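Peer 1: Using the sequences plus the hints, can you model the full thing?
Here the numbering used here is used: the first residue of the sequence shown is 3, the next is one more, and so on.
If you're looking for bench data, these hints aren't it; they were derived computationally from the structure. The structure presented is a predicted model; accordingly, all values stated were derived computationally and were not measured. Cβ atoms here follow ideal geometry from the backbone N, Cα and C, with glycine treated the same way. It cannot be assumed that every hint is accurate.
Stated by the list, open to error - If you anchor each label on the Cβ, the simulated ranges turn out as follows:
hint: 1; residue 1: 57; residue 2: 322; range: 50 to 56 Å
hint: 2; residue 1: 324; residue 2: 95; range: 43 to 49 Å
hint: 3; residue 1: 287; residue 2: 388; range: 28 to 34 Å
hint: 4; residue 1: 28; residue 2: 330; range: 53 to 59 Å
hint: 5; residue 1: 283; residue 2: 39; range: 47 to 53 Å
hint: 6; residue 1: 132; residue 2: 397; range: 46 to 52 Å
hint: 7; residue 1: 41; residue 2: 302; range: 26 to 32 Å
hint: 8; residue 1: 301; residue 2: 209; range: 33 to 39 Å
hint: 9; residue 1: 57; residue 2: 394; range: 57 to 63 Å
hint: 10; residue 1: 394; residue 2: 132; range: 41 to 47 Å
hint: 11; residue 1: 334; residue 2: 39; range: 45 to 51 Å
hint: 12; residue 1: 323; residue 2: 31; range: 42 to 48 Å
hint: 13; residue 1: 54; residue 2: 337; range: 54 to 60 Å
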Amino acid sequence: MATFGTNLRRARTERGLSQAELGGERFSASYISHLERGKRMPTTGVAEYLAARLAVSVGVLLDDLSSDSVSATVSQVLLYEALTRHEYDTVDRGAMASTSAGDHFAAMQVRAQAQLERGDFRECLRTTDELLESAVAATSPVLRAITLAIRSRALRADGALSAARDAATEAVEAVEAKGDCPTEVVVAARTAEIAALAELGDASALALATEELDRLTATLPEGHSRALAAWSIGNVRFAEGRIAEAVAAHDEAARLLRPEASLRAWARFHKATAALRVEAGIDDSGVDALIERAAHGLAIVGNAHDCAELDLLRARRSIPTDPLRALNLAGETLDGNNLPNQTVAEAELVRASALEALGRRHEQTAALRHAAEALTSSGATERAVSIWRAVVESQEPAAAP
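Peer 2: The following block contains the structure:
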């Protein structure tokens, strides 16, 4: 019985469930945490309920583990805890010290997530390459899907949008082939696919992927996975101009996201929803509060890319009242960071809008051209074409009064 908590945590993490999702309507996340840490002992009824939630026999939770298995599980738990504290150097050291194949794979997967979070996108791609070539990934569709979703996000952040879409599509195919994949993994794969398709401007594929995620969301319990799904769906609705639906989806995500569950996701969501609302013409005190929350969170856990996007949001908001300030902010963002092409494009578009407001038509055309070139390099050809059209229009002589 002394190993019940270890077995419980191992089974839960293997299935990608949060403590709240495992507890369902009967037990709180706090109670599950106490069970996993050995601070509370389960009754037979509790053990049977949790075994049913995990789709395992009660014996799996009650059986003793070998000392090697216990050691590997403890190492993985410590790595996950280091990741939640954003102690990325600790994650690196622990991952490199792991020995057995399964233990090493789990540790390196945590390391890939840490590299993604701190903005080491090329290192993340190297780590995910290693993971995808391993025997563990070849035999586990769930672990392969998790790795591919991480890889897709790193590729997208690095400006390789077509490759990001391909990795995410492969992740979705892996979870569909598995059939009974944990919902957190399905949501991670689907949202990675939607993000890549949105950046590429592939409207038809994006609509299909969003429809699939929308259907899945209706079946999800309230919690982190449902919040991430609502966030992703809201992004698409903003892009489609369905503003009321977009705001409703993002309001649901805001209600469900908790900084204590993932400060990084919480902060990045507030940045993203503020930017989309401003772009949709919703710019009020509510947006001020969203930006303030994003700034507080990203000051702790944001990487250079996150902070650059927040600076661009502030620049975009300044265009109507102080276009010169907006121009300077966007220029500083471009000068001070090694940004992926799609973020370079966004910065150039902010500059173009500010230059238009200042009446500097020739410089506006140059900024639009730079934006189109950056989007072409990243693979977002449809968006690039629309901006090239704007370049042509900006060069046409103004109509006579």
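Peer 1: Hint by hint, say whether it matches the structure.
Peer 2: Status of the hints after comparison with the structure:
Range check, residue 57 to residue 322: about 55 Å between beta-carbon atoms, so the 50 to 56 Å window is met. A C-beta distance of roughly 47 Å is found between residue 324 and residue 95, which places it inside the suggested range of 43 to 49 Å. For the pair residue 287 and residue 388, the beta carbons lie near 32 Å from each other, so the given range of 28 to 34 Å is met. Taken as a hint, the range 53 to 59 Å holds for the pair residue 28 and residue 330, whose Cβ atoms sit roughly 56 Å apart.
Between residue 283 and residue 39 the CB atoms are about 49 Å apart, so this pair conforms to the stated range of 47 to 53 Å. At roughly 49 Å, the beta carbons of residue 132 and residue 397 sit within the given window of 46 to 52 Å. Take residue 41 and residue 302: their Cβ atoms lie about 29 Å apart, and the range 26 to 32 Å holds. Taken as a hint, the range 33 to 39 Å holds for the pair residue 301 and residue 209, whose Cβ atoms sit roughly 37 Å apart.
Between residue 57 and residue 394 the C-beta distance comes to about 59 Å, which sits within the given range of 57 to 63 Å. For residue 394 and residue 132, the hinted distance range of 41 to 47 Å is satisfied, since their beta carbons lie about 46 Å from each other. A C-beta distance of roughly 47 Å is found between residue 334 and residue 39, which places it inside the suggested range of 45 to 51 Å. Residue 323 and residue 31 have their C-beta atoms about 45 Å apart, which keeps the hinted 42 to 48 Å range intact.
Distance hint check for residue 54 and residue 337: the Cβ-Cβ separation is about 58 Å, which falls inside the suggested range of 54 to 60 Å.
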